[in-house]
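Here's the letter readout for the chains.
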Amino acid sequence: MAERLGDIVVGIALAVIVIVIVLAFTAPGLLIAGILPREDIRNLAKNFLIYAVNWQRKEFWVSSPEVVTSGVWDYRGLDTLFETAVFYLAIIGATSVFRLLETKIHRKKPGELGLSIIAKVGARIMAVLIIVASISIAVHGHLTPGGGFQGGSAFAVAPLVLIAAFSRVLLDKLGFTKEKMLGTRVVGLLVIALVALIPISLGGFVMQNQLKLWSIFTGYPTGILEPFLWISGSLFFYNIAEFLAVGAGFTILFILLSLPEELYRKDLEGGGTSG
Amino acid sequence: MIEYIHEILLAFSLTMALIATYLVIKSRDLIKAVVFSAIQSIAYSLAYYLLAAPDIVLAYLAVGVGIYSILLLYAISKTERYEEVEKRG
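Listed in order, the protein sequences are those of chains W and F. At position 216 of the first sequence the residue is numbered 216 (my numbering), and the sequence of numbers has no breaks. At position 13 of the second sequence the residue is numbered 13 (my numbering), and the sequence of numbers has no breaks.
Quick caveat, the hints were computed from the structure, so don't treat them as lab data. Careful, some of the hints might be misleading.
[Said to hold, decoys possible] Below, in silico cross-link-like pairs of lysine-lysine (DSBU-like), each with a Cα-Cα straight-line distance of 30 Å or less: (1) F:K78 x F:K32; (2) F:K78 x W:K120; (3) W:K58 x W:K212; (4) F:K32 x W:K120; (5) F:K78 x F:K26; (6) W:K46 x W:K58; (7) W:K120 x W:K46; (8) F:K78 x W:K180; (9) W:K180 x W:K266; (10) W:K266 x W:K173; (11) W:K212 x W:K120; (12) W:K266 x W:K46; (13) W:K266 x F:K78; (14) W:K173 x F:K78.
Use the sequences and the hints to build the structure in full.
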């Protein structure tokens with residue numbers, strides 16, 4: 001009896017929470033409750049929307065119609081730079097916890113491992129689709145919703161699917177080794193650092209994207225052969241580099257996690273291939 | 001009715017999320033709990049989409065359904081699948 005009463009209480013509480021959340025997050029709900037955002041805060045959002053791509057007021061613009069990416073890599077660019085640094089350190093932590101020099105496993109043919117043939121064919125199709133979709137998310141993240149982190153984390157699901165369906169031997173064969181992924185990640189981070197620092201050497205400020213009235217640097221080009229290929233200045237490069245860094249970082253994590261435990265045991269006992 | 005379709009869908013997805021969360025907490029089978037948590041992520045990403053935040057949806061789906069679930073499955077593979085039922089006094 002007491003348990004049933006508890007279930008009823010939980011049910012009512014859940015219903016109340018749902019109603020409160022819906023009221024809190026929707027405009028009609030806010031009107032009913034009489035708590036709309038403050039007028040001056042709404043103006044801030046309006047300014048971002050107005051100035052992100054504004055041909056009349058180019059001193060404030062980002063030249064990107066995607067206001068979220070504009071905020072992430074231009075208006076609040078330094079935040080994202082430090083976020084990337086945090087992710088970089090997290091992956092360094094993971095690789096130092098799982099420190100093995102040799103991460104390749106030499107075993108039977110990959111065909112003998114993994115799930116059934118149906119799952120394998122499905123995984124193959126899905127992996128290709130995921131990779132293509134993630135590249136498209138990253139490459140025009142400055143024009144449509146998306147961007148470097150979103151593309152990178154979507155990309156990381158592809159090796160995950162392959163590990164689940166085929167075992168990680170296939171990943172080694174395809175060239176997704178830990179060393180290559182570390183290299184890709186370093187390239188991505190170097191590109192981010194370069195794109196952020198080049199404006200300083202040309203008389204601008206760190207992470208400058210477009211021309212500002214108070215700096216000498218005239219800004220990155222808004223497009224190659226305008227108006228055919230719109231790249232929104234530095235946003236395009238940041239997105240590609242972040243895609244490489246995040247995608248490779250997550251892939252390293254999955255490669256390390258999918259290593260069998262015996263390898264670590266052997267390493268601990270000193271009989272492994274690493275020192 | 002049709003002008004409130006956003007709110008109705010939002011209420012639906014958030015209710016699904018809450019039910020999934022409740023099942024995550026209640027279920028003794030940890031693998032099932034991970035699957036319910038992935039369902040909760042899907043419901044949340046639908047809510048984010050309805051709240052006009054497609055950027056969040058893209059990252060949330062990949063992290064919430066793919067990466068987070070796999071990390072938890074890895075952790076569960078190192079321990080037991082079934083949670084012990086404790087006797088209530």
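message: Against the 30 Å threshold, does the CA-CA distance of K78 (chain F) and K26 (chain F) hold or violate the hint?
response: holds (21 Å)
task: Assess, step by step, whether the Cα of K120 (chain W) is no farther than 30 Å from the Cα of K46 (chain W), and give holds or violated.
output: With Cα atoms ~49 Å apart, K120 (chain W) and K46 (chain W) exceed 30 Å; violated.
message: Tell me if the straight-line CA distance from K58 (chain W) to K212 (chain W) falls inside 30 Å.
response: holds (8 Å)
field: Holds or violated: K180 (chain W) to K266 (chain W), with C-alpha atoms at most 30 Å apart
entry: holds (24 Å)
- request: Assess, step by step, whether the Cα of K266 (chain W) is no farther than 30 Å from the Cα of K46 (chain W), and give holds or violated.
  value: It is violated: about 60 Å lies between the C-alpha atoms, which goes past 30 Å.
query: Given the proposed pairing of K46 (chain W) with K58 (chain W), does the C-alpha separation stay at or below 30 Å?
result: The hint holds at about 16 Å.
- prompt: Taken at face value, is the distance from the CA of K120 (chain W) to the CA of K212 (chain W) at most 30 Å?
  reply: violated (53 Å)
task: With a cut-off of 30 Å on the C-alpha distance, tell me whether K32 (chain F) and K120 (chain W) pass.
output: The given pair, whose Cα atoms are some 23 Å apart, holds under the 30 Å limit.
- prompt: Hey, K266 (chain W) versus K173 (chain W), does the alpha-carbon distance stay inside 30 Å?
  reply: At roughly 23 Å apart (the allowed maximum being 30 Å), K173 (chain W) and K266 (chain W) satisfy the hint.
- prompt: Is the straight-line distance between the alpha-carbon of K78 (chain F) and that of K120 (chain W) 30 Å or less?
  reply: holds (25 Å)
- request: Assess, step by step, whether the Cα of K266 (chain W) is no farther than 30 Å from the Cα of K78 (chain F), and give holds or violated.
  value: holds (17 Å)
- prompt: Are K78 (chain F) and K32 (chain F) close enough, with their CA atoms no more than 30 Å apart?
  reply: holds (16 Å)
Violation of the numbered hints given earlier is confined to hints 7, 11, 12; the remaining hints are satisfied by the structure.
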